[in-house]
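For the sequence shown, this note's numbering assigns the number 1 to the initial residue and increments by one for each residue that follows.
Be aware that a few hints might be false.
Here are the simulated lysine-lysine pairs, DSSO-like style, with alpha carbons at most 30 Å apart [what the hints assert, rightly or not]:
| no. | residue 1 | residue 2 |
| --- | --- | --- |
| 1 | Lys46 | Lys60 |
| 2 | Lys60 | Lys23 |
| 3 | Lys23 | Lys45 |
| 4 | Lys6 | Lys45 |
| 5 | Lys45 | Lys60 |
| 6 | Lys60 | Lys6 |
| 7 | Lys23 | Lys6 |
Simulated from the structure, these hints should not be mistaken for laboratory data.
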Amino acid sequence: MPQTFKASEINIGYHPSGFKINKTASPLDRYTRWDIDENGMWYNKKPVCFHELPGQGWIKDEGSETSG
Numbered sequence: 001m002p003q004t005f006k007a008s009e010i011n012i013g014y015h016p017s018g019f020k021i022n023k024t025a026s027p028l029d030r031y032t033r034w035d036i037d038e039n040g041m042w043y044n045k046k047p048v049c050f051h052e053l054p055g056q057g058w059i060k061d062e063g064s065e066t067s068g
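Take the sequences, apply the hints, and build the full model.
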């Protein structure tokens, strides 16, 4: 199981309940909520405010940390 972090510690990452953080993205794409289908595909992205994000349980997307 990957190490988890607080939302405030994430630059680029995701939460298994369907949230993503990308602080390098445009304002509407920084904090998003997604639906996840039965195959694990993420779809139907919606922008959310930081306070709507889960506080704990975040996984860093190490591959995107350097690729921007």
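Now the hints, each set against the structure:
no.: 1; hint: Lys46 with Lys60; verdict: holds, 20 Å
no.: 2; hint: Lys60 with Lys23; verdict: holds, 12 Å
no.: 3; hint: Lys23 with Lys45; verdict: holds, 16 Å
no.: 4; hint: Lys6 with Lys45; verdict: holds, 21 Å
no.: 5; hint: Lys45 with Lys60; verdict: holds, 19 Å
no.: 6; hint: Lys60 with Lys6; verdict: holds, 10 Å
no.: 7; hint: Lys23 with Lys6; verdict: holds, 14 Å
Violation of the numbered hints given earlier is absent; every hint is satisfied by the structure.
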